Structure formats: C-alpha cells, structure tokens
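*Asks:* Residue-level listing of the chains:
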Amino acid sequence: MTISMRRPGLGLAGCLAAAAVFAAGCGNNGGSSSSSSPGITKTSVKIGGHTPLTGPAAPGYSEIAPAAKAFFAYVNAQGGVNGRKINYIYRDDGYNPTKTVSVVRQLVLQDKVFAIFNGLGTPTHTKVVDYLNTSKVPDLFVASGCPCWDDAASHPYTFGWQTSYQIEGKILGDYIKKNFAGKKVGVFYQDDDFGQGGLTGLKEEIPSQIVAAKPYQPGDTNVAPQITAIQKAHADILVDFTIPAYTALGQLVSFKVGYKPTLFISNVGADPTTVGGLLKSFSKGKASTALIEGAYTEGYLPSVNDTSNPWIALFKKIHDQYDAKAPFDGNVEYGMAAAYTFVATLKAAGTNPTRQDMVDALNSGKVAVGPGIVPYRYSKTDHGGYAGVQMGKITNGQIKLFGQPMVTDPGSGAITAYTKPQQSPGDAGVIKQP
Amino acid sequence: MRLARLLDRTLVRNLLLTAAIAVVLLFVSLAITPFNNLRLASIAYYFTALAGLTVLTGLNGQISLGHGALMAVGAYTVAILVGRDGWALVPALVAATVVTAAIGSVLGVVAARLRGPYLAGATLAFAVGLPGLADRYPHAFGGENGLIIPPPQPPAGLGSAFPLERWEAWIACATALIAFLALSNLQRSRVGRAMRAVRDDEVAAQLAGLDVARTQVTAFIVSAACAGLGGGALAVVTQLAAPGAFTLVLSLSLLTGIVLGGLGSLPGALWGAIALVMLPSWSDDIANSFSLSTDVQSNLPLALYGVVLMGVIVAAPEGIQGAVRRLGRRLRPRSSMSHEEAA
Amino acid sequence: MSRFVDLTLNGISNGMIYAAVALSLVLIWRATRIINFAQGGMLMITTFIASSVIESSGSYWLGFAVALVTGLALGAVVERVLVRHVEGGPPLNAVIATLGLLVLLQAVAGMIWGGTPRSFPPAFSIRGYEVSGRHVLFGPFDTFTVLAVLGAAGLLALLFRATGVGLQMRAAAFDPLAARLQGVRVARMYTVGWALAALSGSLAGLLVAPSVFVGPNTFDAILVFAFTAAVLGGLDSPVGAVVGGLVLGLSLSYVSGYAGSSLVTLAALGILIAVLMVRPEGLFSSARRRRI
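Chains as they are written, first to last, in our numbering: chain A, 1 to 434; chain B, 1 to 343; chain C, 1 to 292.
So that you can see chain A by itself, here it is in the shape it has in the complex (with noise of 0.2 Å):
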C-alpha cells in the first residue's frame, strides 16, 4: 500500500471541496424569527422530541413517542387546540449524549420548533438542558423520573412530568414498613439514576430493613450473582427498581435458583405485557406472567388493564385508529398521557401563546389534573410533574390498583393520601369529551 506524499494542492481541494458542500447544501439561513416565537403560526404549533428508536434502549421506549403523535393526530382531527394542529417531530438519538445534543440543537436552530416535548433519558436530557434553558426555549415533561428537572431556579423553562423515582421508592418504602414490617428487604437496581433514586427513595423509609442491595450496569447478561446473594441475605421481599428486561432477568434466575421472595416492583419494570412477552417462553403453557404474579408495583397513571377507566378507554380508541402496530402497552398509556398534559397547557396558554405564555401556564397551576390518579405538581417553584403512586398488584396478568394515592417529595416530606376522585377526559375542556 503506497502512500502518497502528501501534494498540498490535493490537500487544498479537499478543503474547498468541503467548503463547497457546506455552503451549497445546507445553508438555508431563513432566519429571523418573528417577534412571536418560532414554531408557532395561526394554523399550526411545531413540537420536537428526541427520544430512542434504535439501539440498546430503545425496547419498549421506541413506542412512546409515536402514541404522544397518534394522541396529537385525535386532536388535530377534532380541529386542534384553538385552532392549531400539532405538528410533533421526534428523531432518535440511540440514548447517546452526543446524538442528543445534536438532534435537539437541530430541532432548535434547525426546524426551529415552538418547544422540546418529552426529551427521553437522563444521561441523554441533562446534557441539553442548559442549552435549552439558556436559548429560552421550553423544555416540556421530560420523560425521565429523575429529580433533577425540579429545578426552577436555576432552569425555569424545563418541566418534569413523571414521578421522581425517589417518590416511588418512598411510598414503596411506606406501604412496606406499614405492612411488611421487620421482614428482611433485598433492592436489585439498575446502577444509575433510576435505581440508585429509587434505593435512595426506599432508604428514607425503610433504612434497617433493608439486608443487601445489588445493582446491574445496563448491558449486563448476568445477574446472577446479585440474586443469589440477595436470596443469601435471606430476603424476605425483593424490590425490583429494573427496566422490564432485567425484571424478567431477574425472575428467571430467582426461578432457577427457587428463590421466591414477595416481589415489589417499579412502574417502569412492571408492564405485564412487556415482561409476560419476555418470559413466554419459560413458563410452558401457563400464563406467561406466572413468574411475577403476585407482585406489588405501583402507578400514577390507571392500570393500562383497567378498560372501565374512561382515559384508557379513549386511549385504546385512539391507539386502535392511528397507532394499531404498536402493542397497547404502558409505553403507549405513557405517550398518551404526556401528550395530553401538553395539550392542556397549551390551551391554558391562551389563544396566542409566546413560548413564555406556556412556562407561565404551568407556573400559575392552572395545569393541575389530567390522566393521573395522582395530580401534577406545577407551580412557579415545583417543575416536578406528578407527585406521588398508587400502590397496585399484578393479578391474572393485570396490574389492579388497590387503596389510596399517596403524594410526597423527593425529599424527607411527609407521605398523605390523595382523595380526590380522578377526572374524566372532556372535564377540563382541553378536549372534547368523547
């Protein structure tokens, strides 16, 4: 193989070369905005997302923003919100940091969207949120339980939407100390902000009870090693702060190894569907969720099984006509719901939102319940999302939620019940009722 020596003339054309490809083909300057904000005009309201759709991570989550857009296409068809059709472009980022920040600072500089809508992942979000916040651009419900987004002063234009995972590990953490008192715990958690938050939520409540805590890093094959040394420890319950692939994981090594502790576990991890569609095989004819029947998990949204509830009765209708390839999953539920609470706050912008109107919306409270069991936190100094779960059990293959929700914070808060009753769909005049 020769190489050449290097001609600086050959090395010259390259550069112009490049140049050349630079200027001719992408430069579409467009550029001033309006003194409106971008994205928006009298007849449509441009949204971007970015989220995985390819890749390790993108089981499962690749499902959520095409439910977000098949919910914004129902309400489009029904004449949009004041008159504005959605317009929602999400593009994959393969959960990597450097993807991320280029996709949205293409959807920001680029397509110059209105606002970023439910921006996927920790590690991936947290790495454009300065950016956003810096460029005034709203950053809305990131899907993400991280505490993180909680931040209004230091990041007034982004807004959680999910409850935290230290949320969910504290009311875990109560329902166990409440009902399982002095029995032995065991946490396997995924080792990142989801798991460790979750280990940190449980600790607030239940500190002596628990006897091992064994994380995975995501990607692992093997988690043998932390379930037999939880079932060492002699727990009594194991709780699962894991992704459905490892809380199926799990289950098979607890099975194999005939370990059979009560079983709590995350939301995030608990769909049936998506762990019974992992653990089919194993189980020979009996149902498939035979190895987590029984389990305790909890939810701020109504059980995606429960079809008497009137918002997974509209969801399924609009999953059914324009998102009928994707199974009718938590993930769905998830997109739906998320797209909703923008919707709402939307509205409550007024008739000619500025990017500011729709931060102020959710500052002033005035989006305050939608599909949650549990409300939503906004105000001026809480961008949390929901506040709290509701305790549930997966019985027959079905997730049945049970008692009263519970709000918290993050932090050492309090834990109290939430009795007011769930709304219906048409009850807050964002949509019709259907």
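The set of hints was computed from the structure by calculation and includes no laboratory data.
Heads up, a few of these hints could be off.
Footprint (simulated), chain B over chain A, 3 or more residues, beta carbon under 8 Å [unchecked claim]:
| no. | region |
| --- | --- |
| 1 | 103 to 111 |
| 2 | 128 to 137 |
| 3 | 184 to 194 |
What you are looking at is a predicted structure, and each value in this text was computed from that prediction instead of being measured.
The beta carbon of each residue, even a glycine, is placed where N, CA and C say it ideally should be.
Given chain A, work out where chains B and C should sit, using these hints.
*Replies:* Only chains B and C this time, still in chain A's reference frame:
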C-alpha cells in the same frame, strides 16, 4: 531563489498550507448558519481523532479498536478541569492531550507485543472496559450521567450576537489545524519514515537498525494525543462527557471513518470526518422523505449506513481519497506521474 | 462456601456461552483469516428465524433445525456476495465490510421483527438441579449447553486435524497460492469455512438466546466477551476458544459476585492484557512470533 528554497522546507510549506486552510475555514464559518457551524465543529474534532488514528493504522499498520475510549479520556479531562476545577480552555485542552498521550504510551507498550487480531482484541477490551470506570467511581466521573461543562463563552470583543456554535467551531477547527500541522510534519519526518518501514516489513526494519518497539509506541502516543485533543474538543463543543457518548460504536465509527476516507492520508481523515457527520443526517433525511411504518423508518438510516460501508469497501477499497487520487491522476498530464509514484 | 459454588456454576454456564460464540469466530479466522464482526448479526438473524418458526409451528426442534440450516446458507451467501471482495486484501477492509454487514443485519432485523426483544425457549428446563434441598445454579439446559459446546469444539478440532477438508481449509487460509498450486479449490474452501462458522454461530445463538432474549441488539454484549475469549484462547484454536470462554466466564462471575458488577468490563480488560502479555498470541495458539 531564496523563497523557493524556503518553500522547499517541509515545515514552512505546511505552515503556509495550515494558514491558508485556516483562512478558508474562517470565511466558511462566518457564512454558514449556527447549526452548520455545529456540524463544522463536529467534523473538526472527528478529524483530529481520525488523523491520529490514520497515522497509527495507515502509516504504522496497527489496528486499534480503542480510540473511542482515548477520546473519552480527553473529554473527561477537559470536563473535570474546566467544569469542576475552573481551568481555562487552552490549558485544559493541553492537559487533555498530555494525559491521553500518557495513557496512550501505556497502551502502546502493551500493543507493541501484539499483532493483528490480538491487538484488535486488546484494544476492543480497552474500549469496552474503560467507560466502566465512570460507574465504578461515580463521584469522580459522574456515573452514567457523566459530567457537564459550562458552554465556552465567546470573548466580548466579538459582539453579543456572536453565536455560540460559531465560537465552538473556531475552537474545534483550531485544534484540528494544530493536529494537521503536527501530523503533516510527522509524515515527512524521520519518525514517519520509520513508522512506514516498520509497517511494510518489520524484520527488514529491525535489520536496518530501527527500534521496532519504540516506533510502535511512538505511533500509539501520537495517535492517542490526537484522540485526546479531539475528545477534549468534543467535550467543549457538546458540553458533556458521559459514558454513553463513548461506547464501542464510537471506536468502530472512527475505524470506519479512516477507511472510508482513505487509509493513511490526512485528506482521507477529512473525508472520513465529513462522512461520519454527514452520512447519518443524509440517511435520516432520506428515510424521513418516505412515509413508512415506524419500524422501517427508524431503521432505514442504519440500513443505508451499512450498505454504504459495504459498497465503498467493495467498490473503492482505497476510500474516497483513493478515488480522488485516481481521478486526479487521470486528469493530470503524464509528466507529473513520476513524482506521484515516489512514495 | 456455597457462594463460591454458586459463582463457579454461574461462571461455567456463562463461560460456555462465550465459548459457543467464540468457536464460530475461531472457525472463520482459521478458515479465512478474517475477523468477522458480523458474526453476532448473523446468529441474531438465524435465531430470529428460529423464533418465528417455533412460534408458528409450535415445535422447538423444528426451529432448531431451521436455524442451523439457515446458518449454513447465510454463511455461504455472505462469503460469496460480500467477503469474496475483501479476502486477501488489507485486514482492515474486511473489518469494515463485516461491520457494515452487522449494521445492515441489525437494521433489517429491526424492520422485520421490530425492536422489542422477544422470549426464546430453552431446549430443556432452566430450573436448577436439586441438591440437598436447594436448587443450584445449574440445570438441565446448562448441561445441554456444556455438552453441545464441547461436542462442537471436539468436532471442529477433529475436522481441522484429521480430515482432508480440514487440511484443505487450513492450507487455503495459510497460503492460498501454494494451496491452489496443490489443487485445493481455495474459493470453495473459503465458502465451506464461512458456512460452517455460521452453522456454529447459529448453534451458539440458540444456546444464548434464552438468557438474553432475541432482539437486534441483545447479542452485542455476548459478542464482545466472545471475541475477548477467542483472543484469550488463541484465535486459531477451538480448544482455546473453550478454555478462553471458561476462564473469562469464571473470572467475571467471581468479580461480579465478590467485587461488584461495575468492575466486570474492567476485569475482562485486565484478564486479557495479563494473558496477552505473557502469551501474545493467546493461550493455545500454534503460531509463533518470529524473534530476531
């Protein structure tokens, strides 16, 4: 007469060339949109890393699957020094280069004993293993979330409307130009010739008196320094250092870049950098222009990328620069052919 | 003590899984001197096909057979259509070509079967054997895995050492020109090599899939460790692949169990470097470096 003799000296020629390229880049950067400045910055930091890697693999014949992890070292160094300890940008980038070069020297000593697929395997293990440190020492390295760097503010003299992206492009291009200058000189120097000799025939080189191991290690150090500088620039441009940004996929992309662009040549590194940045967005655009089912649409860019990789290797194994060179040879008059062959 | 036993059994079953995939990497290297980055993609496709067959026909062993046959065909096709163009050239070109194939295969799998991983049945029960009242971390399926891998390794070693075809394959890889002069159909040997390697990979996929589920990206981590195991054991030795797999599986199990899961990838790096520093061509490689 004196001017001609001056131009004969490699260093002077390369300095002039670098300056010329710098001027071109300045004008380009001023003319394009902020988002395209971001792309320019990305091309620049990829070029820095690719240039080093192409010297290692093309000039010296060692295959490394671990340069993504070396970029991570540079990025984290800058992130810690600038973000946590408040260092200024330039000293931090210098530190990133030095630290990564040091790690490169260790890697080089290990690599000097290995050949071919065994070297590939060792560097692969390095690429996969090193990011694990971030999880092992979350306090130092921020765990899965990584570290954030405050954006580099353009100096006040440029005006308040100066886009951040343009300033980032300038920083990244500056590092790329430094790498370009250094490597251009290296290629024509005694060290460069030693590297080529070792690549072509190790036994003959040793018989000729070259210290093979030392040459291998030097090549590793140089390429690691470039990877570190590129990684530092990446950290500045994207304002982050996180394990998810430095997976094995990055190392493999770098390898892809140098082969696509043309192994062993600096213009090849530039083509590779352009390909790495523009190919995904072009294939994204193509995919979005059809309205397909979600599964097909989200995977189409990857499928296109795979097809392009295979196609280029089969049809143009010497990469884009090889094709350009062939074209140039065909267009140029015969008399200058002999000069071209002397490599 | 029982913790040690647990981790050891765990290490053996994982190690055999790495060995299964490592064997196919060794086979391709032995036959064509190419590192096949697409191996994971190819076995992923055959496993997906098996999954679809099992789902529609209800028969596991039918799916098993289909996977193996598809593997043979896929290996031959890939060699003829793609690899033929990069054989004998710079090794880096083969790396890039197979990388491109891997990306394409993962994308195509995502398009056809979607990104959601699916469950894959094990050939036998995964429930651990009952020993003095408790279930250990080793069950019938693990036994099947160990036997299958040892059997495959044995057959491969036999193939290379004791059969005419094996000798021809080794000759074709070592010195194609001389082999051709001796009457060896080099091109055909390459195709045979790739077909057999893909067959071996398909078997590995069937053994691995129950524990990692079947998805476009679920085999990636196993591939990395399998490659490490193959390098560890010596890329041209089937025995090395098995030993390398066991060494890696056991060590990583102990590291995860005693030191923590965050150290596993670092430990793999450390083990590999430690071995390569002492034996730069792996534990069982027959190649010897020239020393002047």
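*Asks:* If a hint holds in the structure, say so; if it does not, say that too.
*Replies:* The hints, checked one at a time:
no.: 1; hint: 103 to 111; verdict: holds (count 4)
no.: 2; hint: 128 to 137; verdict: holds (count 3)
no.: 3; hint: 184 to 194; verdict: holds (count 3)
Taken one by one, the earlier hints all hold for this structure without exception.
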